[in-house]
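Participant: Here is how the chains run, residue by residue.
Number of protein chains: 2
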Amino acid sequence: MEINELKEIDKTVKGWLHESRDNVLRKIDTRLKVDTKTSRRDLVTNIDKQNEKFLVGKIREFDPDAKILGEEGFGDQVHSTDGRIWIIDPIDGTMNFVKQRNHFAIMIALYEDGKGVLGYVMDVIGKHLLSGGPDLGVFDNGHPLPPVKDTSLREGLIGLSGPMVLHNDYNMVDIAQQSLGMRIYGSAGIDIISVLRGELVGYISYLKPWDFGAGRILCETAGLKMTTIDGRRLDVLSSTPVLLATRNAHQDILTIVSK
Amino acid sequence: MEINELKEIDKTVKGWLHESRDNVLRKIDTRLKVDTKTSRRDLVTNIDKQNEKFLVGKIREFDPDAKILGEEGFGDQVHSTDGRIWIIDPIDGTMNFVKQRNHFAIMIALYEDGKGVLGYVMDVIGKHLLSGGPDLGVFDNGHPLPPVKDTSLREGLIGLSGPMVLHNDYNMVDIAQQSLGMRIYGSAGIDIISVLRGELVGYISYLKPWDFGAGRILCETAGLKMTTIDGRRLDVLSSTPVLLATRNAHQDILTIVSK
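Protein sequence lines, in the order shown, are assigned to chains A and X. This note's numbering numbers the first residue of the first sequence as 1 and each following residue consecutively. This note's numbering numbers the first residue of the second sequence as 1001 and each following residue consecutively.
Please note that a few of the clues may not be correct.
Said to hold, decoys possible - Result set (DSSO-like, lysine-lysine): computed pairs, CA atoms no more than 27 Å apart in a straight line:
(1) A/Lys53 <-> A/Lys149
(2) X/Lys1027 <-> A/Lys149
(3) X/Lys1149 <-> A/Lys14
(4) A/Lys127 <-> X/Lys1208
(5) X/Lys1011 <-> X/Lys1037
(6) X/Lys1208 <-> X/Lys1259
(7) X/Lys1058 <-> X/Lys1225
(8) A/Lys33 <-> X/Lys1058
(9) X/Lys1027 <-> A/Lys27
(10) X/Lys1058 <-> X/Lys1011
What the hints contain is simulated information worked out from the structure, not anything from laboratory work.
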């Protein structure tokens, strides 16, 4: 895609995100309709659904030939990475959204033939929009993101998934103990923003395409590594434990995982 | 103390806090001088020290007869709860401050003969000041704090100390598993604000007087329970594992701790 076309898409997506945020904020103090999906900890609300419908509608109008992969299923069945795919998470961190009305994100990604083109991760309450891609660079609220320092695990705080720590999956306890401390925020989007802003040296969680699709584009552009937990290439349509980290911390963590 | 006198003190302390926040923010992008205290995870910076000296100076001028208990030792040796005691934590969550420049708090408490009079917990970057006491009530950025719902552990998110989870102290893993999820924020002040705002149903960590002194006054005023981890009365001069929670969650957690 040409740079001017990319900038035009970028402007359009940011418009959707701002409208989407305003929609969510307008309803944030109303009584939510909360349903459970696979367990009592896997929630969906009327706002997740409304917001996905809103974004799907905008994308269909703007890019009718593309496929859409959305968490709540209002998009398409997507079985191949051919062509253009939009990936959306209308509310990432729904548990935080329901219980805290805070610490949740809206995420949008555009892939073309499996390659990341543009990614957007918005911390709605914290008011951070991380945006960009390989051809535009990464921006934090419109300002170029400062280079992310290549900190080691030993010198950084690590974002982890609560359940993975409690089950000590992949030696998660050792990983936490080697770091300066673990943090658990409960939203992939919030953790990914924290890694991009240098507040965490990495993040590990079991993720689905809508959890990591946008973040992956931004993180790889910023020189971070995002792979499966055992260091393999991450397929954008897969659901798997994901390891995002600085290059140094990524190596440190792989050593502990493979012990 | 009379209500007018309390309001006058309240106004004065808020003035110190705003000045103190401005001092911290002015230096937040400078290179910090970081020293370790008891371990590589127990840090103090030049800004912790400067801010404690600033607050101690303000208190000495305003209330010369009172004793001051400060984390960094610029106050007094305090061995009894008699009389007026000011307790200050100039930067709570120093690790977050150093590694994130985010998620840290400034805290001030006033006790008289062991009884909490006024407490202040300020999330510097998140811009929340929780303030008040038994005679004034609790305020969030100057607005009366909405009543905190008496949510059970099973229906809430719980804030925990990372090290206590990793060592499974006091059945912390069971506590996390019974809740809807654990969160680890790495600052007592940030966790206490989250409990007061209803974002967490409770918080458990090993704490020192400057970590819980201010929060205790606000939490008890708001109808929350703060005790030792085994449910005993919390002495304001003690360093101990602390359990803060709604009444329901407090009971739920004590049952798990004593298993």
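Participant: Now look at each hint and say whether the structure bears it out.
Facilitator: Here is how each hint holds up against the structure:
no.	hint	result
1	A/Lys53 <-> A/Lys149	violated, 38 Å
2	X/Lys1027 <-> A/Lys149	holds, 20 Å
3	X/Lys1149 <-> A/Lys14	violated, 37 Å
4	A/Lys127 <-> X/Lys1208	violated, 33 Å
5	X/Lys1011 <-> X/Lys1037	violated, 34 Å
6	X/Lys1208 <-> X/Lys1259	holds, 26 Å
7	X/Lys1058 <-> X/Lys1225	violated, 31 Å
8	A/Lys33 <-> X/Lys1058	violated, 50 Å
9	X/Lys1027 <-> A/Lys27	violated, 38 Å
10	X/Lys1058 <-> X/Lys1011	holds, 13 Å
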